[in-house]
Amino acid sequence: MAKNLFRTALRTCMRGGMVFSAVAFLAHGAKAQDDRGARIERGRYLAIAGDCLACHTTPGGKPFAGGLDLKTPFGVITTSNITSDRETGIGSWTLQQFDGAVRHGKSPKGYLYPAMPYPAYAKITDTDLADLWEYIRTIPPVRNAVVTNKLPFPYNIRALMIAWNLLFLDRTPFAPDPSKSAQVNRGAYLAEGLEHCGTCHTTKNFLGGDTRGTYQGTSLQGWYAPDLSNNPHTGLGRWSADDLVTYLRSGTNRFTAASGPMTETIENSTQHLSDADLQAIAAYFKSLPPRTVAAPAPLPATNAQMVTGAREFIVQCSACHVSSGAGIRNMIPTLQDNPAVNAPDPDSLLNIVLRGTNGPMTAANPTGAAMPAFGWKLHDDQIAAILTYIRNSMGNAAPAVQPADVARARKTIGAEQPVWR
Amino acid sequence: MNYKRPKADVVIIGLGWSGSTMAEELTRAGLNVVAIERGAWRETSTSFPTTRDPDELSGSVRKEILQAPVTETYTVRNRVGQTALPLRKYHNLTLGNNVGGAGTHWAGASWRWLPFDHQPHTHVMQRYGAGQLVDGLILQDWGVTYDDLEPFYDRFEKIAGTSGTAGVVNGQRQPGGNPYEGSRSSPFPTPALERSRANVLFAEAATRLGYNPFPVPSAMIGAPYTNALGLNLAPCTYCGYCQLYGCGNWSKSSPNICILPVLMQRTNFTLVTECEVLRINTTPDKKMATGVTFIDSDGNTGEQPADIVITATFTLDNTRLLLLSGISTPYDVASGQGVVGRAFTFQTLSWAFMFFENEYMNPFMNTGALATQIDDFNGDNFDHTGLGFIGGAGIQSLSNQGLPIGMAGLLPKGSPQWGKGWKQAFQRGYQNYAQIQGQGTSFAHREQFLDLDPTYRDRYGRPLLRITFDYNENDRRSGRFIRDRCVEIAREMGATEVGGDSFADRPYSGYTPWDSSHVQGGVAMGEDPRTSVQNRYQQNWDIPNLFVIGASSFPNNAGYNPTVVVGATTLWTAKAIIEQYLRNPGPLVRL
Amino acid sequence: MKRRDVLKGGLVLMATTTLASIYKPAYSRTYVGGTGMWKAAPPPPLSVVDPTRLVYLTPQEARLAGAVFDVLIPADELGMGATEAGCVTFLDHQLAGPYGSAAKDYRLGPVVEGLPQQGPQGIMTPAEMYRRGLAELEHAAHAEFNKSFLDLSEEQKITFLQGVERGTISFDTLKSDQFFVLMLQNVREGYLADPMYGGNRDMVGWKLVGFPGAIYDYRDWIVSKRGKKIDVHPVSLLARA
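Chains as they are written, first to last, in our numbering: chain A, 2 to 422; chain B, 63 to 653; chain C, 114 to 354.
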């Protein structure tokens, strides 16, 4: 076993032109093997932090064999096979080529699209990148040829990404802020780099580049990735660092339960992070400057949608969320003073109501309480009234949701139509 | 096509409360466990979400959640000499048809049994002597006592999140609880639910009569709770869709929400659904079990070899599987010899049905076990001298019914069942009806037993199980006594019309409305291989790697529902397997 | 149509086309721990039955069933009668589905008449019982009054059905009292089940007794409305609140 491992490692090193030479490897003998094992372990941890598996695996498919379709505003991008298969995976790559793809958006075959979060991964340190590569190379080869680019013209021209990268890719590696604690800096490194929080939570411009509104929330793939800035109305202002840690560890906390894509991020990635790293990420977000978001005046209770919504809420929602909207800690989100409810864009609310959502299932909280779908059951006007009511009562204030918004969302996310007239 | 699955450490047949409780313990101990379940996988938000659950027709009326008689049924006769005939339509024995078993659709009453119920023979002999027993009655201790089981009762309640008000904690009486209960090491995990209008009237009347009313412990969670396995449960909403429904909002304890999400994460757990186990396989000398043979939904026959076989199916099917597999000696009524199918019991129900004037019972606000009870006439909590019977009943105001189709026939005396008069009577009766249930003990009898039917077969051609049962004289005497107590309390509650009924006064039927679904025994645990199939650890006397768990092990039935006892005895057996059997595989009790 | 033909027709079960009968359960599956959330196969979708056409009963059978149902649950000051409430539509769709074909019953022989406590031993399905029972009922009405049941006076209908209920008016091919029990059960179901099944129009049955319908949370009322009148507007599973 040890001999095999040694031979495999040796072969891979010679083939790949590794950072340390085969000669050095031989000289170090057993110790080097231990080092390598430790580096693979670190790499495995970093791959989990980077949530590589989530995109590079199809549901029920072989790990890292790619083939998952990502729906971007520009069209479908299919994720690549990153197993060590030489033909269809990245088994023939060098560390440099791996670095090119992960941090610079350029694979041996051409430019990548930023669906691969290389703008975030650009922050990864050299050491972490090398460790990550050590681990990625241990992934067993799976033969799975993937056509990654199914974009329509002109987005299918990969060379266009050169210009995009010039405009939006910040190639500066992560630089610690000396005015902040080591913990906050560690959190910033993880959040901005491997965990690539901004990939979803930061507003993109019309070409998919980050704007300056960091972590202010944005819509993608039929979901609204909520505001993570420090404001109490739509952001994380009311959450303590412990609330954040509990959420990232278990998928739930005293206020809420994860839904949509965040559920997978927690299940695949953040629940596996060390306590110190989760504390660091929480400290980083809590260290972001406070932001003021003006809350609109809530609609009056006499508003027609509000009256209908209040009635429908009792019938459809209170069995789980409680008539007061209080929810149940660690499983059913409270709707009271809920920043996600106040989001300017109701995409996530519509998605959850129309299609339901799996609950997070983590080691810390395996409950997995899910929300059932209502798309088959409720008409556009009912859902609009319920959401308008929730968004303008229980301490919330946000623009009303119109039946047309519901109809549009149904179409966008392919939700069912009501089964009755 | 025949196929063989890879060998497992343990195969568990049936994944209801007992099977999933066992699977959780054994996988946590590191064993590789395969569970085989006849029903399909079910989970809350897909299978019984709040968006479709509140529907009386598909639930209580068409009973869609149950295993249908077409899949398997039982034949019934009252006594030897009669021809047993099949229960062709949905009957009172409400079997589950899914992963979670009947634990998914159960009503939720969550009792620890009295110390008396585990050692009835010792207690009766000490207090009254053999003269108290009617002819033919079978009375035997379980080999495990309440004190043995207390830690496991405690653990199971903390898995289920049981709600209730403790009566005795560490030997100290607690206000508002059951003063007769065995001493508890801790109070209930969640507080008792609020009372219904009928419960309040009952509690007041019982108190005036000098009795001790207390809330029935239940599976309806009393407050947000994180259970012993780290799973979160939500508080009950009194919607009334409990019995014959899955719970849509995580507020009724079930294997589906209290255990299975944890098993889903264990890599040493495998679940095979929609496969029916045909038999337990043994070595030719019948000294060891080797696994099970099952049939899948494509008609293929599969084999699951295992080092330990655990049978956790419905009570009656546990007995049937042993008989079909030729394991242990079948009971022979003529000689009284043999053990499989012996010590079979049912439950002795008595009722008071009552109507009030100008009440608003609002019966739709209920749960499957929203009840206030007195135990002053249960078990051996009262002096039976001169009464001519043993046992008794839990007497309870039970608010478990408010759905209109089910209540359409509950009318004041003399009301027409159709026409204009029905509409008027139904309108009045719906808000003014209340009921008191006496859920009575049942002791085994020489002439009550289970065996294989000589005529009727299942869809695979295997004999159905035959039930030979009628109430015995002890049941009839205790049933009437309890009925009279129910009626007295109903009158004290201020009802204007009260009717009483003791089911034991009529021949047993599988279709009697308001009857119990609790059958017990057939694979009794005990102290003597001549009168029990398995030892105090639910380990087969003849085959040490075979454990048959569930209410089939109980040689008598109490004035309570059985689920929590099933859970506690399962945990007790799991501990014996992990701490004793694995270290030294072989009989855990040597005679 | 001759009576004999009606009876013969009843032996042939009509093909059913309801969603519930098309729905096939999942097959044997193996689930391995640690592979993420195990999702269940979704149950058959709910739907509102189409009241505009019959799916099992013939028009004549539907008229007869409706005439019986309107005696069992008549229109009066407490609310509409059974037919107006959709109970025949309800029945028609129930008979066309798994209930009508007794799909869940144990139907293997030998079929032997047993003791009352052994329960029903006949294996005739509800759909067959209606096909035969309604024909028998009409035949018996002719024998008794020389008229169709449809043309009897209200009093005659009541008297006649009392005879069916008691079994004093007997049928040849099934027990009249058992058929009566079935009809009474089904008309109550239609009047009181969720309106999506075709009956209980405007939730008339629920309003009769003050049942709130498809509600899943009474926490706010369990104490505050204990013993008190609740004015509720009931709600169906598939409707606006």
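Wrong hints could be hidden among the right ones.
Stated by the list, open to error - Restricting the straight-line Cα-Cα distance to at most 27 Å, the calculated cross-link-like pairs of lysine-lysine (BS3-like) are:
1) B:Lys-482 to C:Lys-260
2) A:Lys-412 to C:Lys-152
3) B:Lys-348 to B:Lys-66
Hints listed in this document are in silico derivations from the structure and should not be mistaken for laboratory results.
Status of each hint after checking the structure:
1. Proposed proximity of Lys-482 of chain B and Lys-260 of chain C is supported: the alpha carbons are some 25 Å apart, at most 27 Å.
2. For the hint pairing Lys-412 of chain A with Lys-152 of chain C, the CA-to-CA distance comes to about 24 Å; that is within 27 Å, so the pair holds.
3. Among the hinted pairs, Lys-348 of chain B with Lys-66 of chain B is consistent with the structure: their alpha-carbon atoms are about 21 Å apart, no more than 27 Å.
Going down the numbered hints, you'll see the structure goes against none, and every one checks out.
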